[in-house]
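Listed below, chain by chain, are the residues.
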Amino acid sequence: MLTTIAWRNIWRSRTRSLVVIGAIVLGIWALVFMISFTVGMVQSYVDDAIATSIGHLQVHQDSFREEPKLAYYFDLDPSTFQELSALEGVRGVAPRTLVNAMVGSTRNTRGVQIRGIDPEAERLVTELDQRLVSGDYFSEEGRNPILLSSALAAKLKVKVRSKVVLTFQDLNHDITAGAFRVVGLYDTGNKPFDEGNVFVRRADINRLLGEDAMTHELSFFLDDPQRLAEIQGETKTILPELLVEDYREVAPDLQLYEGQIQTSATIFMTIIMLALLFGIVNTMLMAVLERYRELGMLMAVGMNKGRVFGMIVLETFFLALLAIIPGLLLGWGTVVILAKRGIDLSVFGNGLSQFGMSHMVYPQLQSGFYVQLAVIVAGTALLGALYPAWRAIRLRPVEAIRKI
Amino acid sequence: MLFTMAWRNIWRNKRRTFITLASVAFAVFFASFMQSIQKGAWDHMLDNVVNFYYGYAQVQKAGYWEEQSLDQALIWTPELEQKLLQTEGVQQVAPRLESFALAAGADLTTGVLVVGVSPEAENQLTKLSEHITEGRYWPAEAHGALVATGVMERIGMSLGDSIILLSQGYHGVNAAGKYPIVGILKFGSPDLNKRMVYLPRQEAEQYFGAEGMATTLALDIDRKEEVPGVIRQLNTTLDTSQFAILGWEEMIPDLVDAKELDAAGNNLVLIVLYLIISFGIFGTILMMTRERSYEFGVLTGIGMHRWQLGITVWLEIMLLGLLGTIAGILLALPLVYYLKLNPIDLSVMGEAAVETYEKFGMEPILPALLDPAIFFWQAVIVFFITTILALYPWWKISNLQPIAAMREG
Numbered sequence: 001m002l003t004t005i006a007w008r009n010i011w012r013s014r015t016r017s018l019v020v021i022g023a024i025v026l027g028i029w030a031l032v033f034m035i036s037f038t039v040g041m042v043q044s045y046v047d048d049a050i051a052t053s054i055g056h057l058q059v060h061q062d063s064f065r066e067e068p069k070l071a072y073y074f075d076l077d078p079s080t081f082q083e084l085s086a087l088e089g090v091r092g093v094a095p096r097t098l099v100n101a102m103v104g105s106t107r108n109t110r111g112v113q114i115r116g117i118d119p120e121a122e123r124l125v126t127e128l129d130q131r132l133v134s135g136d137y138f139s140e141e142g143r144n145p146i147l148l149s150s151a152l153a154a155k156l157k158v159k160v161r162s163k164v165v166l167t168f169q170d171l172n173h174d175i176t177a178g179a180f181r182v183v184g185l186y187d188t189g190n191k192p193f194d195e196g197n198v199f200v201r202r203a204d205i206n207r208l209l210g211e212d213a214m215t216h217e218l219s220f221f222l223d224d225p226q227r228l229a230e231i232q233g234e235t236k237t238i239l240p241e242l243l244v245e246d247y248r249e250v251a252p253d254l255q256l257y258e259g260q261i262q263t264s265a266t267i268f269m270t271i272i273m274l275a276l277l278f279g280i281v282n283t284m285l286m287a288v289l290e291r292y293r294e295l296g297m298l299m300a301v302g303m304n305k306g307r308v309f310g311m312i313v314l315e316t317f318f319l320a321l322l323a324i325i326p327g328l329l330l331g332w333g334t335v336v337i338l339a340k341r342g343i344d345l346s347v348f349g350n351g352l353s354q355f356g357m358s359h360m361v362y363p364q365l366q367s368g369f370y371v372q373l374a375v376i377v378a379g380t381a382l383l384g385a386l387y388p389a390w391r392a393i394r395l396r397p398v399e400a401i402r403k404i
Numbered sequence: 001m002l003f004t005m006a007w008r009n010i011w012r013n014k015r016r017t018f019i020t021l022a023s024v025a026f027a028v029f030f031a032s033f034m035q036s037i038q039k040g041a042w043d044h045m046l047d048n049v050v051n052f053y054y055g056y057a058q059v060q061k062a063g064y065w066e067e068q069s070l071d072q073a074l075i076w077t078p079e080l081e082q083k084l085l086q087t088e089g090v091q092q093v094a095p096r097l098e099s100f101a102l103a104a105g106a107d108l109t110t111g112v113l114v115v116g117v118s119p120e121a122e123n124q125l126t127k128l129s130e131h132i133t134e135g136r137y138w139p140a141e142a143h144g145a146l147v148a149t150g151v152m153e154r155i156g157m158s159l160g161d162s163i164i165l166l167s168q169g170y171h172g173v174n175a176a177g178k179y180p181i182v183g184i185l186k187f188g189s190p191d192l193n194k195r196m197v198y199l200p201r202q203e204a205e206q207y208f209g210a211e212g213m214a215t216t217l218a219l220d221i222d223r224k225e226e227v228p229g230v231i232r233q234l235n236t237t238l239d240t241s242q243f244a245i246l247g248w249e250e251m252i253p254d255l256v257d258a259k260e261l262d263a264a265g266n267n268l269v270l271i272v273l274y275l276i277i278s279f280g281i282f283g284t285i286l287m288m289t290r291e292r293s294y295e296f297g298v299l300t301g302i303g304m305h306r307w308q309l310g311i312t313v314w315l316e317i318m319l320l321g322l323l324g325t326i327a328g329i330l331l332a333l334p335l336v337y338y339l340k341l342n343p344i345d346l347s348v349m350g351e352a353a354v355e356t357y358e359k360f361g362m363e364p365i366l367p368a369l370l371d372p373a374i375f376f377w378q379a380v381i382v383f384f385i386t387t388i389l390a391l392y393p394w395w396k397i398s399n400l401q402p403i404a405a406m407r408e409g
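Taken in order, these protein sequences are the chains called A and B. In terms of the numbering used here, the first sequence opens at residue 1 and continues consecutively. In terms of the numbering used here, the second sequence opens at residue 1 and continues consecutively.
By construction, these hints were calculated from the structure, which means they are not laboratory data. Among the hints, erroneous ones may be present.
What the hints assert, rightly or not - Here are the simulated DSS-like cross-link-like pairs (lysine-lysine), alpha carbons at most 25 Å apart as the crow flies:
| # | chain 1 | residue 1 | chain 2 | residue 2 |
| --- | --- | --- | --- | --- |
| 1 | A | K191 | B | K194 |
| 2 | A | K69 | B | K259 |
| 3 | B | K61 | A | K157 |
| 4 | A | K191 | A | K236 |
| 5 | B | K83 | A | K69 |
| 6 | B | K14 | A | K191 |
| 7 | B | K178 | A | K159 |
| 8 | A | K69 | B | K61 |
| 9 | B | K259 | B | K39 |
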């Protein structure tokens, strides 16, 4: 009964109801869009960081993580490597030798980190071979091949087949240098990474350093990230004396970003909900005030305060409900379409690659969020109904009827 | 007259006026607050990089910017210095000779940027001496290296130790040298902290084997606004086939882009916010027009021109918007001013947050920018919105049938 009255009431002032509904639809759509955009951007950054450099798990010497000294290495014997690669759920394990060095061409010099890698293993973990823009990936042949990023190559003025010299300190702190031939150029899209890292075969750099089994880092890529904790445990039992960390521990900023999603979603929501609240209170208050006489009459003929209160709240609730459904559908549709097509931010230039982010953003959102949003909008509407409803039950029937 | 009427009209329904005012004030408050923080943070970051290092403009040998190598250095002559100093707006010229090197401590190495500078000119431009935390700035007879804290940490050294620098000098000669660390520098920008090593120019020239040369000439210009003028003058006085003149925006294009992108994201939030508030204002207007249709009928009936009525209603809506804007600005001003003096310190968010900001080359503080333009723009936006929304009652009034309107009421 009350429901029917409330439902009919909102259609008595059609334009006004539609304005409020329009505002809420817009608010919901904007929230879905902005939050899915943020999630998409952050998620792709985290995924990229895992895929191009960090991997899901990393193994180091304890002290190497505190101070990345050349001397803090461990020996990796082939049987352990086999055992780790064979763990269930692991796509690949990449051993790396990491050395700070200076790379020089005939024209220029730059400070870089040498990443001494096993070509086959690295392919499984970071798909480095997929990121080449010219030249070839490492092969068995050739002496001292090296991969540079195209950005670094441009700074050094070198091309494929040019020669560069790597200068670094060996284990005895003596300055050592080696000549390397550029076999290919890569591009990960992450500018700081690209300008600061060069890849050589681990065998070559280890030979220059005089330690064949030298390894500073193992990086794992998992087929099944769900099993991360399990695999971390298994790795710890195989390598008890080493530090095994997941990507969140290796790069705390990644975890921070993941947390950042919730923070920014909360901020967006608060702002939009506050703005909506003003609109809802405004509209409902008007609805109450212009019906002063009618409400007075209803109460005079015996409708009790609880029912009047309930009626106003129900009206607001219906308004919200009418907005939530199309709002969510619109938002969901937008996310589905954009998730497929992506949003190209390259109109804003190269600003993102400076921060290691890709210029394509694919919005995404878990289904739980839509439910959460619906509940919050409904809650906001109810909150907005309280004051007008309270005004309605405070009126005195006799005076209200007398008033024009 | 119309204004008085409009003013009285908006106070006929106080409660509705207050709700509308509050919603406008909220939007204006929030928008100006957010923009002040956003612009403040970016300006702070750009200023860090520009003032502490690049300078607002630089003169280089043509081709140096594309290939930053010592081989592209220019010859630094007194005539050139004279020419630059005669340019209007240029206070000082700081010649630099810079290149990358591998810095080595006892058993750690890191890549650094070695910059040979004239102690006095450099200090005038970038206030280098104010960044000294340990040791002291070079006296007149300069020798030894000034090293940034980040580099010190990476190679595990302290004041008084000697830093070894390995590099390639002019035309590929080997460059190796050992310099006592006479001062430690701390910069706001984490990026500079991690890679700067300063030498006096004479020592750098010997080290790189590039006597009498400089890679960049940083110009000391007082204000950002003077930069285009200086560049224009230099483009006529200097031989542009030999020299390139770069403004700061050209030297950090990626940061300028990133700033734009961030601003675009914020603008999206603000657009949505203002749109929702517009819906609210429209609700008010709708009601106002409806409940007063009798009154409108009477007024036109007794001979008031429709345009007069239209203007009154527009003035009412405008007053609502304006009052809301003023209230919003008055709320935001003290907060923004406070945050300008006491920037938000993000290090309370923990170590990870600080590291993240560092990764993006930012200091973990957010100072607000107190820029009248930000507040002015909010007023313009509200003016624009209310004018558009006023079209509705205007349209209603121009189609008004006095008799029917009076009956309806």
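Kindly indicate which numbered hints from before are broken by the structure, ordering the numbers from low to high.
-> 2, 4, 5, 6, 7, 8
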